[in-house]
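Visitor: Protein chains in written order, with our numbering: chain A, 313 to 626; chain B, 313 to 626.
For the record, the hints were derived by calculation from the structure and aren't laboratory data. Each hint should be verified, as a subset may be incorrect.
Note: identical chains are not told apart, hence a pair may lie in one copy or across any two.
[As the list claims (entries may be wrong)] Keeping only pairs whose Cα atoms sit at most 25 Å apart, straight-line, the calculated SDA-like set for lysine to any residue is:
| hint | residue 1 | residue 2 |
| --- | --- | --- |
| 1 | 551 | 391 |
| 2 | 561 | 620 |
| 3 | 561 | 472 |
| 4 | 435 | 371 |
| 5 | 561 | 473 |
| 6 | 561 | 474 |
| 7 | 376 | 512 |
| 8 | 376 | 606 |
| 9 | 551 | 514 |
| 10 | 561 | 476 |
| 11 | 542 | 367 |
| 12 | 376 | 387 |
| 13 | 542 | 474 |
| 14 | 561 | 374 |
| 15 | 551 | 387 |
| 16 | 542 | 531 |
2 protein chains.
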Amino acid sequence: MRLRNDQEIEIFAPATVANLGPGFDIMGMAIEGAGDRLLIQVRPGDSLSIRNESEVSLPSDIEKNVITPALRAMLQAWGGTLAIEIVILQKIRPGSGIGSSSASSAAAVVGLNELLGRPFGEKELITFAMEGERLVSGGTAHADNAGPAIAGGILLIRGYDPLDYIRIPVPARLCTAVIHPHITVNTLDSRAVMRREIPQRDAVTQWGNVGGLVAGLLTADMGLIGRSLKDVIAEPYRKHFIPGYDPLKAALARTEGVLGSNIAGSGPSVFALCDGPQAAAAAGAIMTRHFGHLGIEADLYVGPVAERGAYVIR
Amino acid sequence: MRLRNDQEIEIFAPATVANLGPGFDIMGMAIEGAGDRLLIQVRPGDSLSIRNESEVSLPSDIEKNVITPALRAMLQAWGGTLAIEIVILQKIRPGSGIGSSSASSAAAVVGLNELLGRPFGEKELITFAMEGERLVSGGTAHADNAGPAIAGGILLIRGYDPLDYIRIPVPARLCTAVIHPHITVNTLDSRAVMRREIPQRDAVTQWGNVGGLVAGLLTADMGLIGRSLKDVIAEPYRKHFIPGYDPLKAALARTEGVLGSNIAGSGPSVFALCDGPQAAAAAGAIMTRHFGHLGIEADLYVGPVAERGAYVIR
């Protein structure tokens, strides 16, 4: 396979919330208002360069950039070589817990797929992007960020062998507020605090809530979504990384229309699911005030679930 | 509260398959063709008698009958006393794994509720019936048999504190084959072989499949239902109680239209979910032949999911 012309594309991939409530490692959601924007240029050859022109600092070694393994997996499947130049124009802050690495990988593979004339389908693109996840998560690759970063909406990852995911329709009134406090939580540390063995009772509780959340989303039952947004697996262990987590969660729970809240991905970002834009705005205000009082800078994203995954800007 | 007249009712409650696939302790299904039939007579007074006129043998001590704690819980909530005579006319064989105890409790509480003029709602009736479960399961009461025995259909038990369940609509073509081989597996033994602590990876696999099964049922996606009918929690440990389980499961998996199979409840019954009545009949034939070859007597139930839970016969 080879490329006929030099080509260029600008592409955007949204930020995502993985570990959606009880859906640890299996449910993720694309959000509006944050994401990665890449410029990708390809010509015949065999090279990869990544230049960072975004506001966040990134390692200059391309072997440490998630884009590299994602594109390598894709080129291997494509069966050809290319000279690829990537300019990172906009980047979610790494370590935010809202799918910074997945947004880069997703934008890269979706962009390159467009330039190649779409040889790959959505599921293949997700598996390529997951190779980027593998780089940052110590060898295990999950799809609950990469999936919604590419497919949009809310994804249930049923299983991995082979990858099997279902896009769960999102109720029209469902909105989110996501806040990223500027504190550092390493994904590996965040996994290390969790239990490797889960008491059967907790596991049963968790899968009851997963079933409830899926049913709630599919039937647009806001009450059921709220009752199901419980997580006995990750939140009790990871919340200690986030200053004032319990009072913040309690304040959100008291707010009308806020269905529930939890840690986004492995943190430190926190998300709330809300019934309508007003409730999401109220949740956002509470989140901003909370971290403001603590003197912690934070970025807030409020809006509907992002229906679109990675898409071409031009 | 008191009763005005002597009254009598005949009532039926269906057999149920708990631990539906990945839905260990949280999903159950009512099935056609098997159940308990009770005659309940009440008059003013304060006594309980239970007479067994069914074909199966039961302990004569009413303290060992699941009906007793279920009715006591109900009378306590009702705030009165009654002289209750129950005749068990038809009974699922105890130890079958298809909700024998729940069918008795469900019929008893739904029947008495009718006689009392329906003071209690469905959810309250399920909690009363669960008291019968507590008697046979060593102190823990689950609702994945009692729930569908009362409500019918397929139930997802989201949580217990308080009881929160969702009736999942059943795709029209969904049929089941359930076989009860006449071997003895005690519910407590069956729990004892399972792991008390579940590796995180297995737990994640299980809740991915729970989400997939709920989504598959709600969207009538037979393929997804089939892919989600996987259980890494109970089946690998309990299958050893069932002679030739692996080859039986493999034979079912090879049969067109059979979506998947698993152990019903804590066994020894085995169920298959099927796409249409023909596939269910084929599954039933395979099941019957399997246990026939092994010289094990068995009862087979083939049909659609029972839409009705416990109902009045006359």
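Visitor: Against this structure, judge whether each hint is valid.
Guide: Do the hints match the structure? See the list:
{"no.": "1", "hint": "551 with 391", "verdict": "neither (45 Å within a copy, 45 Å between copies)"}
{"no.": "2", "hint": "561 with 620", "verdict": "neither (29 Å within a copy, 41 Å between copies)"}
{"no.": "3", "hint": "561 with 472", "verdict": "between (32 Å within a copy, 22 Å between copies)"}
{"no.": "4", "hint": "435 with 371", "verdict": "neither (29 Å within a copy, 57 Å between copies)"}
{"no.": "5", "hint": "561 with 473", "verdict": "between (35 Å within a copy, 20 Å between copies)"}
{"no.": "6", "hint": "561 with 474", "verdict": "between (36 Å within a copy, 21 Å between copies)"}
{"no.": "7", "hint": "376 with 512", "verdict": "neither (38 Å within a copy, 28 Å between copies)"}
{"no.": "8", "hint": "376 with 606", "verdict": "neither (33 Å within a copy, 59 Å between copies)"}
{"no.": "9", "hint": "551 with 514", "verdict": "both (17 Å within a copy, 23 Å between copies)"}
{"no.": "10", "hint": "561 with 476", "verdict": "between (32 Å within a copy, 22 Å between copies)"}
{"no.": "11", "hint": "542 with 367", "verdict": "neither (35 Å within a copy, 46 Å between copies)"}
{"no.": "12", "hint": "376 with 387", "verdict": "within (18 Å within a copy, 68 Å between copies)"}
{"no.": "13", "hint": "542 with 474", "verdict": "between (28 Å within a copy, 14 Å between copies)"}
{"no.": "14", "hint": "561 with 374", "verdict": "neither (39 Å within a copy, 49 Å between copies)"}
{"no.": "15", "hint": "551 with 387", "verdict": "neither (39 Å within a copy, 44 Å between copies)"}
{"no.": "16", "hint": "542 with 531", "verdict": "both (18 Å within a copy, 24 Å between copies)"}
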